[in-house]
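Visitor: Sequence:
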Amino acid sequence: MQTVVLGTSGTTPQDVIDVARHGARVELSTEAVRALSAARDVIDALAAKPEPVYGVSTGFGALATRHISHELRAQLQRNIVRSHAAGMGPRVEREVVRALMFLRLKTVASGHTGVRPEVAQTMADVLNAGITPVVHEYGSLGCSGDLAPLSHCALALMGEGDAEGPDGELKPAGELLAAHGIAPVELKEKEGLALLNGTDGMLGMLVMALADLDTLYKSADITAALSLEALLGTEKVLEPELHAIRPHPGQAASAANMLAVLKGSGLTGHALAGEAPRVQDAYSVRCAPQVAGAGRDTMAHARLVAERELAAAVDNPVVLADGRVASNGNFHGAPVAYVLDFLAIAAADLGSIAERRTDRLLDKNRSHGLPPFLAEDAGVDSGLMIAQYTQAALVSEMKRLAVPASADSIPSSAMQEDHVSMGWSAARKLRTAIGNLNRIIAVELYAATRGIELREGLTPAPASQAAIDALRAAGVEGPGPDRFLAPDLAAADAFVGEGKLVAAVEPVTGPLA
Numbered sequence: 044m045q046t047v048v049l050g051t052s053g054t055t056p057q058d059v060i061d062v063a064r065h066g067a068r069v070e071l072s073t074e075a076v077r078a079l080s081a082a083r084d085v086i087d088a089l090a091a092k093p094e095p096v097y098g099v100s101t102g103f104g105a106l107a108t109r110h111i112s113h114e115l116r117a118q119l120q121r122n123i124v125r126s127h128a129a130g131m132g133p134r135v136e137r138e139v140v141r142a143l144m145f146l147r148l149k150t151v152a153s154g155h156t157g158v159r160p161e162v163a164q165t166m167a168d169v170l171n172a173g174i175t176p177v178v179h180e181y182g183s184l185g186c187s188g189d190l191a192p193l194s195h196c197a198l199a200l201m202g203e204g205d206a207e208g209p210d211g212e213l214k215p216a217g218e219l220l221a222a223h224g225i226a227p228v229e230l231k232e233k234e235g236l237a238l239l240n241g242t243d244g245m246l247g248m249l250v251m252a253l254a255d256l257d258t259l260y261k262s263a264d265i266t267a268a269l270s271l272e273a274l275l276g277t278e279k280v281l282e283p284e285l286h287a288i289r290p291h292p293g294q295a296a297s298a299a300n301m302l303a304v305l306k307g308s309g310l311t312g313h314a315l316a317g318e319a320p321r322v323q324d325a326y327s328v329r330c331a332p333q334v335a336g337a338g339r340d341t342m343a344h345a346r347l348v349a350e351r352e353l354a355a356a357v358d359n360p361v362v363l364a365d366g367r368v369a370s371n372g373n374f375h376g377a378p379v380a381y382v383l384d385f386l387a388i389a390a391a392d393l394g395s396i397a398e399r400r401t402d403r404l405l406d407k408n409r410s411h412g413l414p415p416f417l418a419e420d421a422g423v424d425s426g427l428m429i430a431q432y433t434q435a436a437l438v439s440e441m442k443r444l445a446v447p448a449s450a451d452s453i454p455s456s457a458m459q460e461d462h463v464s465m466g467w468s469a470a471r472k473l474r475t476a477i478g479n480l481n482r483i484i485a486v487e488l489y490a491a492t493r494g495i496e497l498r499e500g501l502t503p504a505p506a507s508q509a510a511i512d513a514l515r516a517a518g519v520e521g522p523g524p525d526r527f528l529a530p531d532l533a534a535a536d537a538f539v540g541e542g543k544l545v546a547a548v549e550p551v552t553g554p555l556a
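Take any residue in the sequence shown, count from 1 to its spot, add 43: that is its number in the working numbering.
Careful, some of the hints might be misleading.
Said to hold, decoys possible - Listed next, the in silico EDC-like pairs over lysine to aspartate or glutamate satisfying Cα-Cα at most 16 Å (straight line):
id, residue 1, residue 2
1, Lys92, Glu114
2, Lys231, Glu161
3, Lys407, Asp392
4, Lys543, Glu161
5, Lys407, Asp420
6, Lys306, Asp340
Keep in mind the hints are simulated off the structure, nothing from the lab. Here the structure is a predicted model, which is why all the values come from computation and not from measurement.
Throw the hints in and build the complete structure from the sequences for me.
Guide: Listed below in structure tokens is the structure:
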């Protein structure tokens, strides 16, 4: 099993994916343990002084004015975890919770939080045991961190609340810890607060979204190329010279991907016999690289934000290198929330343009010779009519999901926390949008491959044929009389989501950008 070693300087997107999705083990480096010990010495020294220090010997948020006596401080740390574990709604996905826990441990390992090494080691042990605390959909405003989600994770470290074991069974967290030989932690000064105060949930979802979107944008370039072929469009608009004079890198990459897929095609060039000459293709075909390219450039910006956040230590207060313990506002989720919303906007537009190409394939007045709805016997058969309805419903929902969560704010904590990012909400709706985008691309793939196969006597590009062959091998049937479509669409959805479309094409085209 792969092992991820956490030091003091953050982590990488691939480490997050490996831990969250593939169960990689987590270890603390010697450097991290030293940093944890040094920072804890600072906290212990401050805790021994009579002067109040926020987060060490005071209450929290709007209750920070109360000085807490020594005998009540352990109770204070337990209480903040218990009271903040106030999430509601459905459970969030296992991979999200693992990313959340790992990224909190990443900040703890930085040595800026004052958490003891043994608490950090327990966090790693819980991850390595495959124990996943129950975290609920609602409870984070994306400021002061993802408070309720992180609190449910901290609660499990204390042996309280519920968690899912490696076998998928839900049990009391204390039972699962005991079964794996893990002692519950007894939190000391500042530790409860340090376990709750971070952007870890929204950041984990951003990292995973970027990985998923990388596959989907390549898949969308492939399906756009397949639709262009099925519509007998021209590949001349993809020539690199045209994209060099408008030098957006994402646009150039998308055009190059489409051109690579179309290389050697016998269906391009507006060559349908007996049809009135076409000067140019519709925007949904001709402008595919411009739309997908803008989304790619949005992803590049989001990656930059994610990489900065992965290198960050987000807590309040923090232990600085000079020994000061300083309050700050670094827990505000605005940088992450904005790009989560940007990605949802770009994904909605990519889904919208893909649906327009599908609709064109099904309309006999615009498909340049294809049968109505790509049906075997139009009238007796309805073909893909309702598949496009489903795709349109998904697009409509994506437009609603594109409304920015980060444009909203709602005051909390008796107006102490009077401006929040709503970044968790932005991340949650982006996950839904990505699932929808995958389905939309799958429907376009289903329609475009059928359209190509209905062009009898014309030979598709080798890469296109490879995509068609792989899709058919995956159990998705080609043209023919009406049949129960939902299983085919589900199989096409899985084919795209598992990266099989890209994997089928790249042996012919070479690696897509």
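Visitor: Each hint needs a verdict: does it hold in this structure or not?
Guide: Taking the hints in turn, this is what the structure says about them:
1. Lys92 x Glu114: Roughly 14 Å between the alpha carbons, so the hint for Lys92 and Glu114 holds.
2. Lys231 x Glu161: Holds: Lys231 and Glu161 sit about 11 Å apart, inside 16 Å.
3. Lys407 x Asp392: violated (25 Å)
4. Lys543 x Glu161: Between Lys543 and Glu161 the Cα gap is close to 43 Å, so the pair fails against 16 Å, i.e. violated.
5. Lys407 x Asp420: Given pair Lys407, Asp420 holds - Cα atoms ~13 Å apart, limit 16 Å.
6. Lys306 x Asp340: The hint is violated at about 25 Å.
Comparing the model with each numbered hint stated earlier shows that hints 3, 4 and 6 do not hold.
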